[in-house]
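> Whenever a hint applies, use it, and build me the whole structure from the sequences.
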Amino acid sequence: MTHTFYIAMSYGIAALISLCLIAWVWLDGRARSRELAELEASGIRRRSTPKPEGEKA
Amino acid sequence: MPQTAVLTKLTDLANPTRFLSLAARILPWMAGITAILFAIGLYLSFAGEGDYQQGMTVRIMYVHVPAAWLSMMCYSVMAASAIGTLVWRHPLADVSHKAAAPLGAAFTLIALATGSLWGKPMWGTWWVWDARLTSVFVLFLMYLGLIALNRAMDDPGKAARVSSVLILVGFVNIPIIKFSVDWWNTLHQPASVIRMGGSTIDSTFLWPLLIMAIAFTMLFFTLHVAAMRNEIWRRRVSAQRRMAARMAGQKTDNTAEKGA
Amino acid sequence: MIALLLRDVKLSVRAGGGALIGVLFFMTVVAVIPFGVGPDLNLLSRIGPAIVWIGALLSSLLGLDRMFQTDREDGSLDLILMQEHPLALTVLVKCLAHWLGNGLPLVIASPLLGLFMNMDEVAIGATMLTLLVGTPALTFIGAVGAAVAVALPRGGLLVSILVLPLAVPVLIFGVSASYAAVQDPAPFMPPFLILVAITMFFAVLGPLGAALALRNAGD
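Residue numbers (the working numbering), protein chains in the order written: chain A, 875 to 931; chain F, 119 to 378; chain P, 10 to 228.
Hints may be right or wrong, so weigh each one.
Unchecked claim - Facing chain F, according to a computed beta carbon distance under 8 Å, are these residues of chain P, among others: (1) Val153; (2) Val157; (3) Ala160; (4) Leu161; (5) Leu167; (6) Ile170; (7) Leu171; (8) Pro174; (9) Leu175; (10) Val177; (11) Leu214; (12) Gly218; (13) Leu221; (14) Ala222; (15) Asn225.
By construction, these hints were calculated from the structure, which means they are not laboratory data.
Where is the CB? At the ideal position from N, CA and C, for every residue including glycine.
Spelled out as structure tokens, the structure:
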């Protein structure tokens, strides 16, 4: 077992965990924004956002 | 009235919608700066000479020390947000400490993993029940417990309030663990404490360490803002789903009445 | 206040309460250890104080979720929340009652288990004394966990997970004080006094935190 192995391992683990974290945050964000867009498309929006023209209250 | 001005600034920022637009603006910048800092830091940490043994394993420290520092800082951020939740009943503070818990757990895990990978060649063992290792392990368990607590409750507002009580109580525990460590060590085994006093660090090691620390901190803040944004979106989605369900229910009621 | 204390003590000593179960669990945990590490009396007497302490820690967790849960079920928690006394004071009294019902029996049972573990008299006395001082701290810490658990649908196990890391300092100083009484070079007083300090500290923080959690979990 050389020291290089341990160094590579530790950098690898750190990179793996950080990449998992970044991927999780990113994918989660994409999924949420897609859900919001779907809801928007089906005509449900927040009460505070103004309704577009031609839609009855 | 500078104080009120600051307060209005804060309340402006505290509006979730404003926060979302601000996050959308600054997130690309923060991600870019993080990437650049990591590039410089990684280059420096591998460019430094490492022909003698200690110099080689010191490279692990460039990852380990920033991760360990972040694991503590993340808890402090959570404690500050917990105060925000309890004192000002602020929705954004709820979101903040809920989003920070998984990040803190991940950085603590990095610190533990790299620490034991450093310990294997240097101490000859993966794990010792050294005070510092144990206290960081306890910190890791506390993060996991907080995540579990947040998952266990349906109502996000209540979950945030209850878990922030726990965060604050747990924050008091951190210095206690840190102090108890000294006592514990003197009674059981005197040393094997990692000691890297400021004077012993050569500037060739200090610079990469510093830049990596800043890079990790930026990474944390980027991920934190992004995770907060996701959490706000998630709450909006569930709120709007509820609204949609209510509207759909009303509609079916109407048609049923017409049919009858 | 006194009435509340008496009522809670009575409830916990009665058949359905956790006092007896806690002691039984304590004895079972300690009795299981020799099966795991083998019947080596020297080894047992060396690790004895630690085993007794860990057993006490685990069994004091056992009754925790009942602390506020039963009050919530029969509605008296709402009455406690509504009265004009400071809530933290009420919680403190409830903690004391809980300790009298669940903690004190553990302390009383510990010399017996010390004998089983082949500990000498000094070690038994030291362990009992540290338990007497340390178990209230466990109850106060546990009160926060129990108050958090009120908000949860099924919180029993999660409380133990949340509370255990907080109880680590108590365990460290309790065990090190018991060892210091036996082993010569180490002084007994410093860890013991720190244990006392921890208990007093949590006697303030625990009820305050629990009161905060109860108020927030109520609505």
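> Does each hint fit the structure? Answer for all of them.
The hints, checked one at a time:
This hint holds: P:Val153 has a C-beta 5 Å from the nearest C-beta of chain F, less than the 8 Å allowed. About 5 Å separates the beta-carbon of P:Val157 from the nearest beta-carbon of chain F, less than 8 Å, and the hint is met. The interface hint given for P:Ala160 holds, since its Cβ lies 5 Å from the closest Cβ of chain F, which is under the 8 Å cut-off. Taking 8 Å as the C-beta contact cut-off toward chain F, the hint placing P:Leu161 at the interface holds, the least distance being around 5 Å.
With 8 Å as the threshold, the beta carbon of P:Leu167 comes within range of chain F, its nearest partner Cβ sitting at about 6 Å, so the hint holds. A distance limit of 8 Å between C-beta atoms decides the matter here; for P:Ile170 the minimum to chain F is near 5 Å, and the interface restraint holds. Restraint check, P:Leu171 versus chain F: the minimum CB separation of about 5 Å is within 8 Å; hint holds. Interface hint status for P:Pro174: upheld, as the beta-carbon distance to the closest one in chain F is roughly 5 Å, under 8 Å.
Given hint, P:Leu175 at the interface with chain F, holds; its Cβ is 5 Å from that chain's nearest Cβ, closer than 8 Å. Using the Cβ-Cβ criterion of 8 Å, the hint placing P:Val177 at the interface with chain F is satisfied: the shortest such distance is roughly 6 Å. A least Cβ separation of about 6 Å between P:Leu214 and chain F falls short of the 8 Å threshold, and the interface hint therefore holds. At a threshold of 8 Å, the smallest CB-CB gap from P:Gly218 to chain F is about 5 Å, leaving the interface hint in force.
Residue-level restraint check for P:Leu221 holds (minimum Cβ-Cβ distance to chain F is 5 Å; threshold 8 Å). With its C-beta approaching chain F no nearer than about 4 Å, P:Ala222 sits inside the 8 Å limit, and its interface hint holds. Interface hint at P:Asn225: satisfied, since its Cβ lies 4 Å from the closest Cβ of chain F, which is below the 8 Å cut-off.
The earlier numbered hints are all upheld by this structure, with none contradicted.
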